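Between the sequences and the hints, there should be enough to build the whole structure, so can you do that?
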Amino acid sequence: MTAFSADASRTLGGPDWLTRRRAAAAERIADLTWPSTAEEIWRYSAVDRFDPDRYVPVPAGELGLPGAEDVPGGGLLAAEAGERSGLVVVRNGRVVHHELDPALEARGVRVQGLATDTDGIAEPWLGRCSDASPDAFTVLHDAFLAGGAFVHVPRGVVVSAPIVVLHWSEGDGRATFPHTLVVAEEGSEVSVVDRYSSRGRDHLVDAVVELLVGDGAHVRYLSVQEHGPETWQVALQRAHLGRDAGLRASAVALGGDYARLRSETRLDGPGAESDLLAVYFGDGHQMLDFRTLQDHSAPDTRSNLLFKGAVEDEAHSVYSGLVHLRPEAQRSEAYQTNRNLVLTDGAGAESIPNLEIEANDVRCSHASTVGPVDDDQRYYLATRGIPPEEADRLIVMGFFDDVLTRLPVRSLVAPLRAAVTRKIEQRGSVRA
Amino acid sequence: MSRLEISGLRAAVDGFEILRGVDLEVESGQVHVVMGPNGSGKSTLSHVVMGRGDYTVTGGSVRLDGEELLGLPTWQRAVRGLFLAMQYPVAVPGVPVGEVVAAAARARGVDPAATLDRIGTEATRLEVRDEFLARGVNDEFSGGEQKRMETLQLAVLEPRIAVLDEIDSGLDVDALSDVARRVEAMTEEHDLGVLAITHYARLLDELRPDRIHVLMAGRIVASGGPELAQQLEATGYEGLAADLGIEEMALRRPVAADPFAEPGF
Numbered sequence: 001m002t003a004f005s006a007d008a009s010r011t012l013g014g015p016d017w018l019t020r021r022r023a024a025a026a027e028r029i030a031d032l033t034w035p036s037t038a039e040e041i042w043r044y045s046a047v048d049r050f051d052p053d054r055y056v057p058v059p060a061g062e063l064g065l066p067g068a069e070d071v072p073g074g075g076l077l078a079a080e081a082g083e084r085s086g087l088v089v090v091r092n093g094r095v096v097h098h099e100l101d102p103a104l105e106a107r108g109v110r111v112q113g114l115a116t117d118t119d120g121i122a123e124p125w126l127g128r129c130s131d132a133s134p135d136a137f138t139v140l141h142d143a144f145l146a147g148g149a150f151v152h153v154p155r156g157v158v159v160s161a162p163i164v165v166l167h168w169s170e171g172d173g174r175a176t177f178p179h180t181l182v183v184a185e186e187g188s189e190v191s192v193v194d195r196y197s198s199r200g201r202d203h204l205v206d207a208v209v210e211l212l213v214g215d216g217a218h219v220r221y222l223s224v225q226e227h228g229p230e231t232w233q234v235a236l237q238r239a240h241l242g243r244d245a246g247l248r249a250s251a252v253a254l255g256g257d258y259a260r261l262r263s264e265t266r267l268d269g270p271g272a273e274s275d276l277l278a279v280y281f282g283d284g285h286q287m288l289d290f291r292t293l294q295d296h297s298a299p300d301t302r303s304n305l306l307f308k309g310a311v312e313d314e315a316h317s318v319y320s321g322l323v324h325l326r327p328e329a330q331r332s333e334a335y336q337t338n339r340n341l342v343l344t345d346g347a348g349a350e351s352i353p354n355l356e357i358e359a360n361d362v363r364c365s366h367a368s369t370v371g372p373v374d375d376d377q378r379y380y381l382a383t384r385g386i387p388p389e390e391a392d393r394l395i396v397m398g399f400f401d402d403v404l405t406r407l408p409v410r411s412l413v414a415p416l417r418a419a420v421t422r423k424i425e426q427r428g429s430v431r432a
Numbered sequence: 001m002s003r004l005e006i007s008g009l010r011a012a013v014d015g016f017e018i019l020r021g022v023d024l025e026v027e028s029g030q031v032h033v034v035m036g037p038n039g040s041g042k043s044t045l046s047h048v049v050m051g052r053g054d055y056t057v058t059g060g061s062v063r064l065d066g067e068e069l070l071g072l073p074t075w076q077r078a079v080r081g082l083f084l085a086m087q088y089p090v091a092v093p094g095v096p097v098g099e100v101v102a103a104a105a106r107a108r109g110v111d112p113a114a115t116l117d118r119i120g121t122e123a124t125r126l127e128v129r130d131e132f133l134a135r136g137v138n139d140e141f142s143g144g145e146q147k148r149m150e151t152l153q154l155a156v157l158e159p160r161i162a163v164l165d166e167i168d169s170g171l172d173v174d175a176l177s178d179v180a181r182r183v184e185a186m187t188e189e190h191d192l193g194v195l196a197i198t199h200y201a202r203l204l205d206e207l208r209p210d211r212i213h214v215l216m217a218g219r220i221v222a223s224g225g226p227e228l229a230q231q232l233e234a235t236g237y238e239g240l241a242a243d244l245g246i247e248e249m250a251l252r253r254p255v256a257a258d259p260f261a262e263p264g265f
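Chains A and B, in that order, give the protein sequences. Counting from 1, one number per residue, gives the positions in the first sequence under the numbering used here. Counting from 1, one number per residue, gives the positions in the second sequence under the numbering used here.
Keep in mind that the hints were calculated from the coordinates and are not lab data. Predicted, not measured: the structure shown is a model, and the values here were computed from it. Treat the hints loosely; a few may be bogus.
Beta-carbon label-pair distances, calculated as ranges [said to hold, decoys possible]: (1) A:T421 to B:R118: 21 to 31 angstroms; (2) A:P372 to B:D205: 34 to 44 angstroms; (3) B:D111 to A:E226: 28 to 38 angstroms; (4) B:Y200 to A:T421: 26 to 36 angstroms.
Covered, in the sense of this in silico footprint (three residues per stretch, anywhere, with C-beta under 8 angstroms from a C-beta of chain B), are these stretches of chain A [stated by the list, open to error]: (5) 143-152; (6) 381-389.
Don't be surprised by glycine CBs; every beta carbon is placed ideally from N, CA and C.
Written as structure tokens, this is what we have:
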């Protein structure tokens, strides 16, 4: 753990409010106990293989000083960002480029890096979500948070085209700490896309996404994870919803060696609604790990979760989800569905949905399936003259179709569909 | 001119022989109807001809234009010109008929665009509404909608020989008439050969058969012209069995009270 020292944390620079937050977290690192699969929340995970000594945080010298934008125009990835009203490029956890439609800027919308927020606009918001659900990795994240994207939409402002955040990180044996903080104030509307990619042997991405959805605000969120094959990701995505707030949060997870996402939603205000969607597809020796929480702490709230995954080759996936209806969540509804296709004998999927119901006037259901491609569907398509590989491609794409078509950013549906198709077509070419 | 020749066909499930030597020949433009009581082996016949994996062929041959099909996987039999319209078409959620037909065209080396163009024409002809073209094929379709969709695919894919497994089950009168008329027209317009498997004679009002075959206990026990269907109407399967001196009409299972309660074998 020597690389993750308080001294290393201090070299990252930035505004005082941010360095103070880092220092407070860095003090706790020495006492951290790394989790193990003996803990229920880490059961079936790969955390027993985690060795912090394999990584060092990207040194301040490589990151450069906060504010330097060494990716003019957004760099190569900007071309893939698609339709947008704003763009943030985050390299190794620090914002290196940001831009926003001037009309939105004039209305007070703010899209920038945390490390250049010298006015401390983000300070009251940063950590609101993640501090409510800490673990060893969020502490490490807070101690080495070099910057990260900050999106702030003032009261009543509607941002129609998405704001795209591209998180790029690289380096053998490097650890990076991307952060996205979205604050949608009362009655505002915004769509945000986080796209993660990375490269490098033994690369660790310890990411946090915070979505603060104010009273009557509506946030649509999509994260696309296309990490390199040797990246470890441990991420927390957490949303807090106010009165009559709406959230459609979706995740597409395709990359990484071990990629974990904790996806949590707390419905704090009466009438809040959240829709949670995910598509994941593991191949080679990948392990994709999802832990979800639908936390209802106000009456008349509603949440609906649909996670669909496929695994092939030697890949494994874990879905473990909890619906928690607290005593104050009367007249709430919560639904949780996880479906998995296991495409080859060597692959496997775990699915563990859970309910904790403390209110008596609620509607609640959960469903979970794990199984191979249906032989009857294959035979049906074969009677039309469709060969088995093509039949499987159709069946798997059909399986994902209801989630893919509901992803909140239309312009990304076709490229993501193509990315999933490539995974199916690569079946059998197990990566090292 | 195509010819499907089934000769001495025997097949078993879990070691139990269901087809016990079936001989049939269907040529282009002809309509052959196989009738039989539940448990006689009708559905088994269609699936063995198509190559479903659950059955073990224990003897005989199935040839299309002289080529033995029995060693080929189902999809290759279809590419060579066979089509099976299923009694219980399987729902494939999220995969609309256009994608099915396009994939089927690609497997045949045919331009999918040309094939897709024909879906619209056939949908009008068979009164298939747009919502059923947009939805995953057979996904939450009624019985009638399923059979119209099977017939639509049959018409678009233009096989040489079509096996229709109880295409008349689960249909109302209008749907049955639309489906049967479309198939009948294909036998004239495209010289389609038809092997229709059914429990009931009502299919024969619209789909005019050249030959009727009666299957009992895994064997064809009688063959004849359309008059054989009329005879069956009058006597029932039991009457015919009695006339022929056959004691065992069905295999293993007794005749179910509800003919649609189980797929049968």
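Honestly, which of those hints from before does the structure not fit? 4 and 5
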